[in-house]
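Enquirer: Sequence lines, in order, name chains A and B. Count along the first sequence from 1, then add 82; that gives the number in this note's numbering. Count along the second sequence from 1, then add 5; that gives the number in this note's numbering.
Everything hinted at is true.
Below, simulated DSS-like cross-link-like pairs (lysine-lysine); rule was C-alpha separation at most 27 Å, straight line:
| id | chain 1 | residue 1 | chain 2 | residue 2 |
| --- | --- | --- | --- | --- |
| 1 | B | Lys200 | A | Lys204 |
| 2 | B | Lys172 | A | Lys332 |
| 3 | B | Lys41 | B | Lys101 |
| 4 | A | Lys94 | B | Lys172 |
| 5 | A | Lys335 | B | Lys172 |
| 6 | A | Lys332 | B | Lys165 |
| 7 | A | Lys225 | A | Lys266 |
| 8 | B | Lys189 | A | Lys94 |
| 9 | A | Lys94 | B | Lys153 |
| 10 | A | Lys266 | A | Lys84 |
| 11 | A | Lys332 | B | Lys157 |
| 12 | A | Lys335 | B | Lys165 |
| 13 | A | Lys94 | B | Lys157 |
Between beta-carbon pairs, the in silico distance windows are:
| id | chain 1 | residue 1 | chain 2 | residue 2 | range |
| --- | --- | --- | --- | --- | --- |
| 14 | B | Thr176 | A | Lys273 | 27 to 33 Å |
| 15 | B | Arg182 | A | Gly354 | 31 to 37 Å |
| 16 | B | Gln119 | A | Glu229 | 54 to 60 Å |
| 17 | B | Leu181 | A | Val367 | 20 to 26 Å |
Computed far set for chain B versus chain A, every beta-carbon distance over 10 Å:
| id | residue |
| --- | --- |
| 18 | Arg13 |
| 19 | Trp14 |
| 20 | Arg17 |
| 21 | Lys20 |
| 22 | Ser23 |
| 23 | Gly28 |
| 24 | Ala34 |
| 25 | Ile46 |
| 26 | Asp62 |
| 27 | Tyr63 |
| 28 | Lys101 |
| 29 | Gly120 |
| 30 | Val152 |
| 31 | Thr167 |
Bear in mind the hints are in silico, worked out from the structure with no lab data behind them. Where is the CB? At the ideal position from N, CA and C, for every residue including glycine.
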Amino acid sequence: MKYWYFPGCSLKSTGRAYEESLLAIFKALDAPLQELDDWNCCGATSYMSADEEQAFALAARNLGLGERQAGTGGNGGPHLVAPCSACYMLLLKTQRYLAEHLDLARHASAGLRAVGLTYEGKIQVRHPLDVLVNDIGLERISKLVKERLTGLKVASYYGCQVVRPFATFDDPWRPTTMDRLVEKLGATSVKWPLKTRCCGGTLIGTIPEVGLRLSHILLQDALRREADVMITLCPLCQFNLECYQDEMTKQFKEPIRLSVLYFTQLMGMAFGIADATLGMQRLFVPPVRVRTTQEGGRAVHV
Amino acid sequence: MVNGQRFRWVRRSMKYQSELDPGFGEKIARAAYGEKLFSCIQCGTCAATCPVSHYMDYTPRRIIAMVREGFRDDVLNCQTIWLCASCYSCTVDCPKEIKITDVMYALKQEAMSQGMYPKRFPIPILAREFFRGVERHGRNCEGSLMVKFYLKSSPLRMLKNTIIAWKLWRTGRLSLRAEGTRDKDTVRTLLRAAKQA
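Using the sequences and the accompanying hints, generate a full structural model.
Expert: Here it is in structure tokens:
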């Protein structure tokens with residue numbers, strides 16, 4: 083099955099490694115991702131300064147584009163894959179609100195008509211994690227694993243908006259999809275209760291006194307639980323958790339250093355895909371690569 | 006407090022009903038698509054589950070109560086609405102299914118449209134610059150958004166973040182080139198038509 087791909091602004095700049103590794107993974111799994119042509123902003127932060135009607139119309143254009151480019155026929159409509167948590171949640175929210183509130187739908191469809199589009203509500207908004215684990219399946223993924231990540235302790239961080247408020251494919255507080263995936267790659271999933279606690283989102287830029295602390299709590303706890311890497315599925319979470327580690331070390335007087343990868347990068351590592359293809363050179367803190375050989379000649383991360 | 010100073014601090018701690026805005030609750034409920042706002046039982050689950058409630062001047066529970074009763078100025082002038090990071094914890098946990106995050110968004114919108122926020126306060130600046138960029142190009146450019154945001158809110162903080170910016174630049178994660186939709190007018194046409202409908 084073909085999937086349509088909605089990148090959003092972050093995957094083209096601060097989250098480039100996410101795009102690179104995501105495309106590499108889907109290619110390896112023989113599930114092509116086609117970028118939505120002429121996509122526009124999902125509308126994330128514009129909520130506050132725009133009218134609701136405008137924000138939803140903005141997101142609806144992407145849904146309309148998807149339906150036009152993919153066609154609405156076929157099994158359950160086309161699938162639009164949105165890797166950024168904010169885009170994913172916002173596109174889903176748009177879909178639900180347009181179905182629930184006729185007045186909103188009227189505004190959105192007037193906007194769409196002005197640019198020659200329609201939206202029928204057939205398209206399905208999906209997150210790549212959901213597609214990978216529930217459509218493609220863990221069996222197919224484990225067949226591609228060339229270098230098992232034995233011994234690597236991974237803290238899976240889901241963040242907020244992928245699981246909340248809609249909880250489409252997992253529990254809003256205690257999701258396990260990514261943990262199951264990690265185990266399939268041969269790594270150990272760290273038991274970690276903070277996996278859906280907020281990283282601070284844009285607060286790290288706007289009110290750093292609060293935002294920095296929220297991210298610090300997550301990193302500190304992952305380190306206490308002896309995680310070697312943390313994996314995320316959102317470009318903003320990754321940015322907050324990785325790029326401000328020096329700031330945190332200074333401010334909280336406690337060394338904070340932990341590599342924060344996208345879950346697709348971790349999969350790529352296990353698949354034996356070259357680092358440059360996965361965007362590893364874009365990380366501030368490269369992942370642990372020291373391997374020792376256990377008795378019997380198996381490679382182990384320590 | 007020392008006796009002599011005491012009377013300087015005398016202040017009425019309750020509002021007269023005439024000082025409230027009776028239509029405020031309705032207005033916010035409508036903007037947040039949440040008629041359920043009025044069924045709040047004041048249990049405090051939202052305050053307990055919120056990861057930033059300990060920084061807030063009023064907890065989300067109090068905000069709901071105040072909105073409902075029409076404490077317009079107090080609510081729009083408080084810090085709480087700006088501290089909400091939209092993690093949707095409260096929305097998921099609320100036993101009465103009130104979409105509290107949407108209420109917070111509606112309050113932010115209302116405060117912005119009334120200009121009720123401190124001068125150079127970063128959040129409205131970020132939101133406005135973000136929207137302007139999207140209006141102009143159809144997409145947001147993270148690099149130029151960051152630059153505009155820091156210049157307008159706090160240039161000093163931009164200096165503090167130069168190392169991060171430099172690292173992002175070096176790893177190819179920061180671009181100032183604005184990408185956009187092919188036809189620059191598309192988004193503007195869409196937004197105008199959606200508003201007028």
